[in-house]
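Asks: So the chains spell out like this:
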Amino acid sequence: MNAETPVEAIPTADDRKIGPVLMEMKHITLRFGGVKAITDISFDIREGEIRSIIGPNGAGKSSMLNVISGFYVPQEGEVWFRGARRPQMKPYQVARQGIARTFQNIALFDGMSVLDNIMTGRLTLMKTGLAAQSLWWGKAQREETEHREKVEKIIDFLEIQAIRKTPVGRLPYGLKKRVELARALAAEPMLLLLDEPMAGMNVEEKEDMCRFILDVNDEFGTTICLIEHDMGVVMDLSDRVVVMDYGKKIGDGTPDEVRGNQAVIDAYLGVAHD
Amino acid sequence: MLYREAGDFKTSYASDSQTFPIRFDRWRYWAVVAVAFGVIPFVIDDYWANAVAVPFLIYAIAAIGLNILTGYCGQVSLGTGGFMAVGAYACYKLMTAFPEVSVLIHVLLAGGVTALVGVLFGLPSLRIKGFYLAVATLAAQFFLVWLFNKVPWFYNYSASGQITVPERTILGVAVTGANTPAWAKYLFCLVLLFVLAWVARNLTRGSVGRKWMAIRDMDIAAEIIGVNPLTTKLSAFAVSSFYIGIAGALFFAVYLGAVEVGEAFGIQKSFVVLFMIIIGGLGSIFGSFAGAAFLVLLPVLLKNVLVGQLGWATDLAAHVELMIVGGLIVAFLIYEPHGIAQLWKLAKEKLRLWPFPH
Numbered sequence: 001m002n003a004e005t006p007v008e009a010i011p012t013a014d015d016r017k018i019g020p021v022l023m024e025m026k027h028i029t030l031r032f033g034g035v036k037a038i039t040d041i042s043f044d045i046r047e048g049e050i051r052s053i054i055g056p057n058g059a060g061k062s063s064m065l066n067v068i069s070g071f072y073v074p075q076e077g078e079v080w081f082r083g084a085r086r087p088q089m090k091p092y093q094v095a096r097q098g099i100a101r102t103f104q105n106i107a108l109f110d111g112m113s114v115l116d117n118i119m120t121g122r123l124t125l126m127k128t129g130l131a132a133q134s135l136w137w138g139k140a141q142r143e144e145t146e147h148r149e150k151v152e153k154i155i156d157f158l159e160i161q162a163i164r165k166t167p168v169g170r171l172p173y174g175l176k177k178r179v180e181l182a183r184a185l186a187a188e189p190m191l192l193l194l195d196e197p198m199a200g201m202n203v204e205e206k207e208d209m210c211r212f213i214l215d216v217n218d219e220f221g222t223t224i225c226l227i228e229h230d231m232g233v234v235m236d237l238s239d240r241v242v243v244m245d246y247g248k249k250i251g252d253g254t255p256d257e258v259r260g261n262q263a264v265i266d267a268y269l270g271v272a273h274d
Numbered sequence: 001m002l003y004r005e006a007g008d009f010k011t012s013y014a015s016d017s018q019t020f021p022i023r024f025d026r027w028r029y030w031a032v033v034a035v036a037f038g039v040i041p042f043v044i045d046d047y048w049a050n051a052v053a054v055p056f057l058i059y060a061i062a063a064i065g066l067n068i069l070t071g072y073c074g075q076v077s078l079g080t081g082g083f084m085a086v087g088a089y090a091c092y093k094l095m096t097a098f099p100e101v102s103v104l105i106h107v108l109l110a111g112g113v114t115a116l117v118g119v120l121f122g123l124p125s126l127r128i129k130g131f132y133l134a135v136a137t138l139a140a141q142f143f144l145v146w147l148f149n150k151v152p153w154f155y156n157y158s159a160s161g162q163i164t165v166p167e168r169t170i171l172g173v174a175v176t177g178a179n180t181p182a183w184a185k186y187l188f189c190l191v192l193l194f195v196l197a198w199v200a201r202n203l204t205r206g207s208v209g210r211k212w213m214a215i216r217d218m219d220i221a222a223e224i225i226g227v228n229p230l231t232t233k234l235s236a237f238a239v240s241s242f243y244i245g246i247a248g249a250l251f252f253a254v255y256l257g258a259v260e261v262g263e264a265f266g267i268q269k270s271f272v273v274l275f276m277i278i279i280g281g282l283g284s285i286f287g288s289f290a291g292a293a294f295l296v297l298l299p300v301l302l303k304n305v306l307v308g309q310l311g312w313a314t315d316l317a318a319h320v321e322l323m324i325v326g327g328l329i330v331a332f333l334i335y336e337p338h339g340i341a342q343l344w345k346l347a348k349e350k351l352r353l354w355p356f357p358h
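Residue numbers (the numbering used here), protein chains in the order written: chain A, 1 to 274; chain L, 1 to 358.
Bound-form chain L, shown alone (with noise of 0.2 Å):
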């Protein structure tokens, strides 16, 4: 019964293009910010905060990315992986050069650095598309990592060809490195998904989403009515590397700590990122939440629940936590292509129409 547009009037086209058109989804998605600002940073303890909310935090980042690249734009990538690990140490590298300078805009910038990699990695997309232009991002996954590794510029010529973060620290609190409380772990993720998630929402709102959606749709027809392929497809994938960049950064700098980067950040993480999007929804924001929400909370619970509660054996519970989680992957590819987004997008309008069927 709250479930309705009925009554809520729209006067004016922005109230009719806002996000929420339904009164309770507003009132759904403030509490939500209120209770993950407000609540989660005094209850949250270490185990949570590693294992559950800042991985989930920092996928979400790089599956919003993903999202605006494959989801949005239709440009398929298996360079995630590749494009965090130069977040990843571009953050590094930022760092220990400039010890003086804020964390956060170390982060920021380097987003802005993978942001031209992926610019350039792109370039192949005007010339292929579908699977080809996915071998040619597999190709810039395996060329940064054995980048990353051959060079040691990149790691500061450290022994173990590792890279280690530095603490720092912001208004006093320790964000990264060894002592930072599990609050401020949350907090300082949280933020930067809260409006980076938001500014997608924007992009893909105004034109820029439609000039994206359009090249995914049908790339000649966007072309004969006025849409540039090639500033179109090299916008997204500068705006995707970004937000990937960023959630790399933040992987190695707050989650991580200490990242060698063939293990960190190898073609797995690409294609967890990828089935992120799919099993979400692709070009959907509210999928790329789901589906990091998905992969990272499932072999929680399912570690919880097979190690915890029935008293199996580790390895076993690990494997077996594989082929649920791989059979649940091609169950959704079968029966709900357009992932969790549609799901909960169906159950929306069955809720409008409630108690009625039709």
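Just chain A, same shape as in the assembly (with noise of 0.2 Å):
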């Protein structure tokens, strides 16, 4: 091998583009009767990197996400998504703008296989009507293959093609995360929101779902906000983190700032009373 032959830059996690503001939470906050749950909070969300929301229990994380996926309406405040402010909106109607996510406590689908599971997550992707579903032959079955190629395709990169026709309900607890990460990929989502996407593995399992993420990240471009409780994991993965405690920000940067930052140390750590 001589001296000239070019060699192709290996992209790392540092050439990635973190492109302009995608959404923007602009001073949200959410009441549950007398309870505040969220208190004037503001970050965004930049094209292309892995943001996370970390605090300790109770902190308001799951509520944040909630909001931006259009299950809780806050009484105050306004989300932008690409530039534009957005509307109230059913969560079905937020998932069909390209918002995708996964759930703290599984919410897969029991009664059917992992393939039909991810493949629900293209739902909003398919657009045949009921008669030409009720014939089968022709353009439902075409769609149906087309989207089995892209949905094998995830599978291919998760790795789970053994379990493909294996009810879901059977799985182990990692594999189940796995397939809802899978869900949610299959819808191309724009941006994916995951809620503790590592809670209850060991560390083997861990691993391989931070691998996952990043490479989602890298190879898909997907921005990704994500709500995890495991330090070493969050301050890996994120390019920016927000923190939150009792509903309130106390913190917001790049995971060196977030270390730094007395209040967040506070938070965690907790204060002497003197």
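Incorrect hints may appear among the rest.
Claimed, not checked - SDA-like, lysine to any residue: derived pairs with alpha carbons at most 25 Å apart:
#  : chain 1 : residue 1 : chain 2 : residue 2
1  : A       : Lys150    : L       : Arg201
2  : A       : Lys165    : L       : Ala347
3  : L       : Lys345    : A       : Leu158
4  : L       : Lys129    : L       : Gly266
5  : L       : Lys10     : A       : Leu158
6  : L       : Lys10     : A       : Leu135
7  : A       : Lys90     : L       : Ile220
8  : A       : Lys165    : L       : Thr19
9  : L       : Lys348    : A       : Ser113
10 : A       : Lys165    : L       : Arg26
11 : A       : Lys150    : L       : Ala347
If you're looking for bench data, these hints aren't it; they were derived computationally from the structure.
Could you fit the two chains together into a complex? Lean on the hints.
Replies: Printed below as a string of structure tokens:
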């Protein structure tokens, strides 16, 4: 091999393109009766980045994710998505805009196989009507095959070929989490919300999941917003981190900035009351 | 040895997702279809048609319909009898109002009318679930039966309050009325069942079916991945009621001939069809067939054995029959809540590995 051979640069994490603001939360306040779950929080998510939301239990992280996915409607504040203010929407309309998510407690469809579960992720992209479906031959079958090909790519990507036709109810916890990620990916989302993707996993499973998250971000260029309790994981994966405590934002920035933030340290380690 | 996937390689996604992936199953399916269409019409007599075949075919259509709503979409309905009555009365009104139009079109239109009524009574499902929805559909059952009793327009002001089917022909052969040959009744119902079952299979294997099942398994997650619960639930109500309406129309026009609504389409009918899909298997087309066969054939079989063979008194046999059928339903619920379809599936899995246990 001589010195002139051009060596193709292997893309590293630093080369990834962080684009303009994809989603912006402006002064969000969410109340449940008298309880304030989120108080006046603003932050943005940029295209192509991995954004984490961390905080102690009950800080309002999941509520924040539910606001983004349209499940909760905040009493105050605005959600901006792709440069436009998002009107109040039902969760299924949010999904059609290109926002997919996974759940803290797995929310798969237990009565269906892994393949069918992942295919449900593509429901927003499948357009055949009831009449064509009832005849099957022709349009419906073509569409099904087309989407099956895409789904098979995701199955390969997440290395779950062997369990394709297994009913989801029979799978162990770690694999269920992976299937749920596959279902979210199948929708080809612009923004992927992951609610504690590593909760309850052992070290190997966590490493696998981290690898998948990084690969998704790298290869598909998907913007990811995740909630996680494992600090090592968060600090390694994220480009930027939001820290919440008691429904308020106490920190925002790169992992290093957040790590040095006194308010964050206090929230996690506690402060002496003297 | 025959029952293997080995050697039967799938080279396309279409062939991988076919209904019967094992070759032996495909042969068996075509054999059943061939016998049903090619042999039975030539040998069937009045007794077999009226006691066994025709009710089985009609109940199978109704069971597929209810299975789409309850088994696939997870919305419990106790209004089946009422919706069957809608199909029957719609068919009657159409037949008497437009005698020159083919009865086949009337039956299909009766299904369409029932679909509209089903959507109307399905609207509460957007707010209420489970038992509460069951009670709401129960209201549909009683309201519809009351309506058809109370408003004389529906039974064309006949003195008895009954509706009686006029004679109609398809290709010169009577399919409704007193002069219908057994094979014509059988074939008319069979063709409709065959087409409807095929359509049901198509709907449940594609994106429509996945939407239904997503709503059934976890409605919140379904909404988050982009399934509109309103249109999905209502489409299930519409398709389900279409099937049940056709079953009702056939039950009146082909099977009974004359109908008094409270007797033929009472709350009992709702329960019978619900038992069929519970025993047969929720969320399975095959289960709908199995359940219909079970509940239609078993009473006939028991009656033949108890009265014909053992010489019991008819009323005693009728009561024992009720007890046995009831006992079997309870036994099924305890030992195999997923019904005959699940037993069938387990048997097939064992057969694939036979003679090895694992």
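Asks: Tell me, in ascending order, the numbers of any earlier hints that this structure violates.
Replies: Hint check: 3, 11 fail, others pass.
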